[in-house]
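In our numbering, the protein residues as written are 1 to 267.
Keep in mind the hints are simulated off the structure, nothing from the lab.
Just so it is clear, CB atoms sit at the ideal spot from N, CA and C, and this is done for glycine as well.
There may be inaccurate statements among the hints.
[To be verified] Label-pair restraints from in silico Cβ distances:
id, residue 1, residue 2, range
1, Leu63, Arg217, 19 to 25 Å
2, Ser47, Gln247, 27 to 33 Å
3, Glu196, Arg108, 18 to 24 Å
4, Ala221, Leu251, 32 to 38 Å
5, Ser47, Thr109, 35 to 41 Å
6, Thr170, Val118, 16 to 22 Å
7, Ser159, Gln247, 41 to 47 Å
8, Pro229, Val118, 39 to 45 Å
9, Gln235, Thr3, 15 to 21 Å
10, Arg108, Arg217, 39 to 45 Å
[Said to hold, decoys possible] Listed below are the simulated EDC-like cross-link pairs for lysine to aspartate or glutamate, each with C-alpha atoms no more than 16 Å apart in a straight line:
id, residue 1, residue 2
11, Lys101, Asp136
12, Lys101, Asp178
13, Lys138, Asp178
14, Lys101, Glu131
15, Lys101, Glu196
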Amino acid sequence: MDTSAPIGVFDSGMGGLTVLQALRQALPQERLLYVADSSHAPYGDKSLEYIQQRALTLTHFLLEQGVKALVIASNTTTAASVDFLRSTFPVPIVAVEPALKLAVASTRTGVVGALVTVATSQSTRFTTLLERFRQDVKVIIQPAPGLVEQIEMGELTGSATRALIERYVTPLLAAGADTIVLGSTHYPHLRPLIAEVAGPEVVLIDTGEAVARQLHRVLEARELLNEDPTPGDVQFWTSGDTQLAQQVISLLWGTPVGVQQLPEAFI
Numbered sequence: 001m002d003t004s005a006p007i008g009v010f011d012s013g014m015g016g017l018t019v020l021q022a023l024r025q026a027l028p029q030e031r032l033l034y035v036a037d038s039s040h041a042p043y044g045d046k047s048l049e050y051i052q053q054r055a056l057t058l059t060h061f062l063l064e065q066g067v068k069a070l071v072i073a074s075n076t077t078t079a080a081s082v083d084f085l086r087s088t089f090p091v092p093i094v095a096v097e098p099a100l101k102l103a104v105a106s107t108r109t110g111v112v113g114a115l116v117t118v119a120t121s122q123s124t125r126f127t128t129l130l131e132r133f134r135q136d137v138k139v140i141i142q143p144a145p146g147l148v149e150q151i152e153m154g155e156l157t158g159s160a161t162r163a164l165i166e167r168y169v170t171p172l173l174a175a176g177a178d179t180i181v182l183g184s185t186h187y188p189h190l191r192p193l194i195a196e197v198a199g200p201e202v203v204l205i206d207t208g209e210a211v212a213r214q215l216h217r218v219l220e221a222r223e224l225l226n227e228d229p230t231p232g233d234v235q236f237w238t239s240g241d242t243q244l245a246q247q248v249i250s251l252l253w254g255t256p257v258g259v260q261q262l263p264e265a266f267i
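Just need the whole structure built from these sequences, with the hints factored in.
Here it is, written out as structure tokens:
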């Protein structure tokens with residue numbers, strides 16, 4: 001495999017940009033390809049079979065682009081399909097999962113809140129992860145339907161978004177949570193608003209940096225790190241409306257970007 005080959009990253013929409021930003025910071029020399037599957041977002045209310053099919057389709061697209069590794073930048077997709085994808089494709093696959101281990105180490109009250117999608121909360125993989133830590137702390141699971149849709153529209157600070165956050169965060173605070181896991185890669189986009197609602201004493205934890213470290217380890221172990229010091233480029237695709245995607249991705253990425261339409265066969 002050519003070490004200058006790109007790394008493929010995909011999510012149901014814009015959430016995985018938080019992971020992409022961590023990858024860009026940790027591995028600036030790597031070329032990155034990002035697919036926002038926005039026409040099928042959110043994944044959180046879809047069936048296991050539906051999510052697996054979309055993951056398979058997007059993986060095929062990224063492999064056609066010649067990627068040397070794949071990052072699943074979606075907790076919901078990880079829960080539904082990472083084992084299936086790893087058993088199907090030889091390319092190294094790094095995936096995200098809610099950062100409960102970090103949260104357990106961080107909590108002082110022994111109560112951890114987890115904001116997750118409905119699909120993640122109901123997945124076997126997440127249940128197994130919970131069982132590893134429930135003996136040490138009390139973990140309160142809070143599904144948060146509606147938040148992903150707000151982020152997909154670029155609504156990061158409005159009253160409707162705040163109302164949703166207050167609805168989901170307030171019960172966690174009432175139960176004594178001093179640490180909240182942002183269990184969707186979308187949710188760190190709302191970190192300022194969540195922090196404002198939760199207050200300064202509550203620690204918010206996500207997985208972007210951990211995923212970047214794991215990808216570095218995997219690439220290094222397989223001798224796939226790009227040693228060229230030239231900064232790598234970033235390319236974006238969407239299965240949804242390109243004009244809207246360009247507007248929202250530029251907002252979340254922090255600089256104007258171009259977004260390409262996925263070929264029809266992959267939509």
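Quick rundown of the hints versus the structure:
no.	hint	result
1	Leu63 - Arg217: 19 to 25 Å	holds (22 Å)
2	Ser47 - Gln247: 27 to 33 Å	holds (30 Å)
3	Glu196 - Arg108: 18 to 24 Å	holds (21 Å)
4	Ala221 - Leu251: 32 to 38 Å	holds (36 Å)
5	Ser47 - Thr109: 35 to 41 Å	holds (36 Å)
6	Thr170 - Val118: 16 to 22 Å	holds (19 Å)
7	Ser159 - Gln247: 41 to 47 Å	violated (21 Å)
8	Pro229 - Val118: 39 to 45 Å	holds (44 Å)
9	Gln235 - Thr3: 15 to 21 Å	holds (18 Å)
10	Arg108 - Arg217: 39 to 45 Å	violated (30 Å)
11	Lys101 - Asp136	holds (10 Å)
12	Lys101 - Asp178	holds (15 Å)
13	Lys138 - Asp178	holds (11 Å)
14	Lys101 - Glu131	holds (12 Å)
15	Lys101 - Glu196	violated (24 Å)
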